[in-house]
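Number of protein chains: 2
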Amino acid sequence: MQHPVKYEILHICKQTGARLGRVTTPHGSFMTPAFMPVGTQATVKGMSPEEVKEMGAGIILSNTYHLWMRPGNELVRKAGGLHKFMNWDRSILTDSGGFQVFSLATPKDIVEEGVHFRSHIDGSKHLLTPEKSIEIQNDLGADIIMAFDECCPYPSTHEYAARSQARTTRWLDRCLAAHKKADTQGLFGIIQGSMFEDLRKESAEAITSFDLPGYAIGGISVGEPAELFYKVLNCTTPLMPEDKPRYLMGVGTPDYLIEGAISGIDMFDCVLPTRLGRHGTILTDEGRKIVRDKKHEECFEPMDPGCSCYACQNYSAAYVRHLFKAGEIFGMRLATYHNIHFLLNLMERVREAIASDSLGDLRDEFFAKYAGARYNPYSGLER
Amino acid sequence: MQHPVKYEILHICKQTGARLGRVTTPHGSFMTPAFMPVGTQATVKGMSPEEVKEMGAGIILSNTYHLWMRPGNELVRKAGGLHKFMNWDRSILTDSGGFQVFSLATPKDIVEEGVHFRSHIDGSKHLLTPEKSIEIQNDLGADIIMAFDECCPYPSTHEYAARSQARTTRWLDRCLAAHKKADTQGLFGIIQGSMFEDLRKESAEAITSFDLPGYAIGGISVGEPAELFYKVLNCTTPLMPEDKPRYLMGVGTPDYLIEGAISGIDMFDCVLPTRLGRHGTILTDEGRKIVRDKKHEECFEPMDPGCSCYACQNYSAAYVRHLFKAGEIFGMRLATYHNIHFLLNLMERVREAIASDSLGDLRDEFFAKYAGARYNPYSGLER
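Protein sequence lines, in the order shown, are assigned to chains A and Z. Our numbering puts the first sequence at residues 13 to 395. Our numbering puts the second sequence at residues 13 to 395.
Just chain A, with the same shape it has in the complex (with noise of 0.2 Å):
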């Protein structure tokens, strides 16, 4: 089958195996090893989508079930999808929006039809099923959408994760029975199988076997230690087909993504940058730097010296924290544009070093500098 969602290998760094590639999408290519800002109702928390452009990225992610609840698929349908309405001429991902229905369900409200839960918003009743995930995800437009899935809380024993995995595997099958729009959206199928190597060799098998643009892993980064997350990623990843796209989600602390693409993953998408950036934390190399802090009062150098973002260029650490001392919006757009510009940066890092074949090196001068490293233990890398 021709899938309207595309994906080349460039090239395997020598000394990771990491992948460098492209994907291609009815709105355009974007590079991989890719972050995906996260724009949850339909814009980049803070930004312009001139501005998440001018940082370099090729695509965002979007959220099913906040557009679902607010402002309904059917108007987004009628605006002319999300792209022309939140003005963003790039790559869109959307999730099935499992991730949050499974976070405001208790598990009585799990059962094979779907899921039962309540709207944050007004507490009005509602059923997710695969089908109705897939309508919604139809009328938003993204070029990537998400199979509807059922993502584990950790922790959870054998028996739980083993009925969820197999229901994923039945929910792709309705998922891609409702897909209306094949042609111009890529389903991606989601691994499942919380913590346990051999649900998640069973449901990579089970996922897989289907014919998809694409494949995620999901019910990882959910709360586990890192020992726990880089051995569940580190079994998986090697699980899944060469020639599509693999997509880690939810993830985005430097550590992660650098330790991901190591492990042969493409594309990943997080709330950090954005989350950090609102409260007035910032990423760094030397890891996180909470720039409301008394102590950058009177720093007059940029926040995160030596970073050649637009907030760095032309602003002092004294002058955001000053904005958020007194409430202002501009300190937000500051600190999030950093985050979300140190981040996109920080993949560029990462493709370059797999086509020098050297983001092995780039590995050890990160964690040699990142404070709070977690130096993956499970890492396929031989040195």
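Please keep in mind that the hints were generated in silico from the structure rather than gathered at the bench. Fair warning: this is a prediction, and the values are worked out from it, not measured in the lab. A portion of the hints provided could be inaccurate.
Pairs count within a copy or across copies, as identical chains cannot be separated in the list.
Said to hold, decoys possible - Listed below are the simulated BS3-like cross-link pairs for lysine-lysine, each with C-alpha atoms no more than 27 Å apart in a straight line: (1) LYS96 x LYS306; (2) LYS337 x LYS120; (3) LYS192 x LYS96; (4) LYS90 x LYS307; (5) LYS337 x LYS90; (6) LYS193 x LYS90; (7) LYS243 x LYS65; (8) LYS192 x LYS120; (9) LYS192 x LYS213.
Put chain Z on the given structure of chain A with help from the hints.
Positioned in the frame of chain A, the structure of chain Z alone reads:
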């Protein structure tokens, strides 16, 4: 004396007598009549300096009281001055802080020395004097600084207004004596006198007897009826020198801007466009429009059809409404952008009309459409 702020008249509208001019400061020139967006706390709320520039602002206003309280004038001085601190390389005007501290003080707190008041941030006690206001403004480094005056509340008795107006003149003398940067910062005097024509005349004579680079009208547009506003405006403006810029403080509704220009005013400022924008209301030729209203839910037209601004060119009213309902910062950005653009564009239309001797026509056309129009019964315009 050679002032650092210069004014040239380029044309007088034959239809109305309004002045097309140019003010030049150490940070460039701007055409008048000009609207100055307000950047209270060293940022035009929600906007970047680049956005304010691309809309065409040549000068912004910032508030001495707010910057004194937070982050402090010494910090701004150490940062290299307000221009560098906030990354704005065009002209800046700072007010004296008087307007704010009078609103925080009771009558007995106002003495010949200055005004005792408590900070709105932490309740700490402070005294603002003419000397202190100028010291702070010298530290901030704006191109145009304002004399510390007493702005009478409305209504005030003739006796109170007379005393207050006389004190404003004595305080101007002290401001001039305290001014340490007369070579780079132009000090404007402020004409007071509440709603009394005899006091306005007295104040105008006293204030304009000082050789200053510009003069302002304070103490109107403070809650009085429109008829009274127009009466005081039109009796005061003719008393001001023709060869100096005339600044009408705190005025920014479209009707007052047009009538102000006809009266012979060159500069205006107001928080209206940013404040309305943050709350989801926009300015249009037809009056105010509450974009947050339910009735715009499925309006896929721009907020203000026909408007050439970034927000109206790229986004629908439905999208902006969604952003406000969802509490998204970008909604405030778009509505604020539109509003500042609207007023700057209105002044551009006013300047073009002056140049073509047709400001009276523009005024008639404007008021024929503008909802809540308040036609100036005291306008000098003869038709």
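Each hint tested on the structure:
1. For the homomeric pair LYS96 and LYS306, the shortest alpha-carbon distance between copies (21 Å) is at most 27 Å, but the shortest distance inside one copy (42 Å) is not.
2. Proximity of LYS337 and LYS120 under a CA criterion of 27 Å is satisfied in neither setting, with 45 Å inside one chain copy and 32 Å between copies.
3. Within a single copy, LYS192 and LYS96 get their C-alpha atoms as close as 20 Å, which meets the 27 Å cut-off; across copies the closest is 55 Å, which misses it.
4. For the identical chains of this complex, LYS90 and LYS307 are inter-copy neighbours only, at 16 Å across copies versus 50 Å inside a copy, given an alpha-carbon limit of 27 Å.
5. In this assembly of identical chains, the alpha carbons of LYS337 and LYS90 lie at most 27 Å apart only when taken from different copies (18 Å versus 41 Å within one copy).
6. In this homomeric assembly, LYS193 and LYS90 come within 27 Å of each other (Cα to Cα) only inside a single copy, at 16 Å, whereas the closest approach across copies is 59 Å.
7. Taking CA atoms no more than 27 Å apart as the test, LYS243 paired with LYS65 passes in neither setting, with 34 Å inside one copy and 52 Å between copies.
8. In this homomeric assembly, LYS192 and LYS120 never come within 27 Å of each other (Cα to Cα): the closest approach is 30 Å inside a single copy and 75 Å across copies.
9. Taking CA atoms no more than 27 Å apart as the test, LYS192 paired with LYS213 passes in neither setting, with 30 Å inside one copy and 77 Å between copies.
Comparing the model with each numbered hint stated earlier shows that hints 2, 7, 8, 9 do not hold.
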